[in-house]
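K.L.:
As given, the protein sequences belong to chains U and G, one line each in that order.
So the first sequence is numbered by numbering that gives the first Met the number 0: it starts at 0 and just counts up by one.
So the second sequence is numbered by numbering that gives the first Met the number 0: it starts at 0 and just counts up by one.
Just so you know, the hints here were simulated from the structure itself, not pulled from any lab data.
Just so you know, even glycine gets a beta-carbon here, dropped at the ideal spot from N, CA and C.
Zero decoy hints are in this set.
Output of the computed footprint for chain G on chain U, the stretches with three or more beta carbons under 8 Å from beta carbons of chain G:
id : stretch
1  : 39-49
2  : 64-77
3  : 169-181
4  : 189-197
5  : 227-241
To list a few chain G residues with every Cβ distance to chain U over 10 Å, as calculated:
id : residue
6  : G83
7  : G122
8  : N184
9  : E188
10 : A237
Derived DSS-like pairs: lysine-lysine, alpha-carbon spacing no greater than 27 Å straight-line:
id : chain 1 : residue 1 : chain 2 : residue 2
11 : G       : K174      : U       : K72
12 : G       : K111      : G       : K82
13 : U       : K72       : U       : K244
14 : U       : K72       : G       : K111
15 : G       : K111      : U       : K78
16 : G       : K169      : G       : K82
17 : G       : K111      : U       : K99
18 : G       : K173      : U       : K72
19 : U       : K78       : U       : K99
The residues making up each chain are set out below.
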Amino acid sequence: MHPALWISVTGLEAQNTDIRVISNNLANVSTTGYKKSRAVFEDLLYQNVRQPGGQSTENTELPSGLMLGTGVKTLATQKIFSQGSVINTQNQLDLAINGKGFFQITRPDGTIAYTRDGSFQLNSQGQIVTGNGYLLDPNITVPDDTVSITIGTDGIVSVLTQGNNTPQQIGNIEISDFINPAGLQPIGENQYTETAASGTPTTGTPGLTGLGSLAQGSLESSNVNVVEELVRLIQTQRAYEMNAKSVETVDGMLRYLSQNL
Amino acid sequence: MDEMLYVTMSGAENTFYAQSVNANNLANASTTAFKADLAQFRSMPVFGDSLPSRVYALTEKAATDFSPGALIPTGRDLDMAIKGEGWFTVLNGQNKEAYMRNGSLKLDQDGKLLTENDLAVMGEGGEIFIPPAQKIEIGIDGTVSYVPLGSSTNTQVVLDRIKLVRPDIKNLEKKEDGLIYTKDNATLERDISVTLSSGFLEASNVNAVESIANMISLARQFEIQLKLMKQAEQNDEASTSILTVS
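Isolated chain U (complex conformation) (with noise of 0.2 Å):
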């Protein structure tokens, strides 16, 4: 077949991409702590049908020759950690991190994984875990007579337990930052691992060392724009139906091609 209809069905791929891209990042509007993705695209390699300066003749020289594109390919979905809005939500366990960093959670597996959604809770037994029940690492047990828990911004837990004036300090949160956050990968439930392009962590107390600091009764919203979201759909929608309409055309010319000759 024609590589006109190839190259049109890369745009198509594209753009489908694209969409799927965008309507994650809506579907995750209200999810605490998310961020946005962005489809990256890069053309195809070109490949030479006529080399510029071969000889069209014995005496004379293509002034240019043809260079055919290939159409174009996903280079990468990439995650914008850009500061999401932080909300009040007066509740002692939910925590923002205002700046950079992230929490690190213990996974059922034993591995680290780091997270921005800070809507702590409490398990059976005390611990400070994750909406899914990940533990918080390091790992924080709050008294069983606690009355109140205040987290500082620097990360230090302090409780407030029955028949006691003073506070007692239980432990401290410590958040971890990454040279190369966008290499991190995402795994869902909010999380995200290690890997190679994102680096090793720095790991520190929350406010030092260019790290954030925390904010006890806040949440951070998703950093989604939704007007900006709402325009990239209309415009990959544009482009779809424009190579929609190549792959017709195309199909067109080889209609003709095949009834006519």
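Once you have looked at the hints, place chain G on chain U.
P.N.:
Quick look at chain G alone, frame taken from chain U:
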């Protein structure tokens, strides 16, 4: 059979090539900073012992349309768009300098500044490595500065300057890898007049309306070529029937 058939065939074949170039432009309508390719036809007279009556068609990728695309706001720190003319300098896979306008930059695990397709961005002294930073800023003239991790926010360290060039576009061509090279293979010097906008990306410069119109026009040209092929066949049939001895 008459040579007319071959002449029209070359027309039809080359119309299809032009249609491929156009389809490639349309497929890259959403590719950041893509530059549309232009196809043109040229007549190629064939000289021989006989009269030079046969003129074949030849499609060429005459040039690339280097006009800038629209700027799209993204809000991402490492997204750069070049205002007006100018190019980023990158190293292609063979350590040769190439030029591109796609300023969607990223860092790898060593802090090396890369383009989205993993090509190193050139600074004044070669590749740019950014140490762990709280914040990276790229100024409008390409100056890369950062606030080191662990220091107060008023410590800005100036690291390097992205090599921005502004060659004559007549001296530029797109090669097989989609990157732009100088035709004379000269290495370009930094041009201080090129400026960047941070937080923006350049859209593809494919003009959709023009491409669609061009696509329809090429499809019709193709049909005309086929009509002529049909005509050649009929002419041939006619002469065969006249000469038939019954």
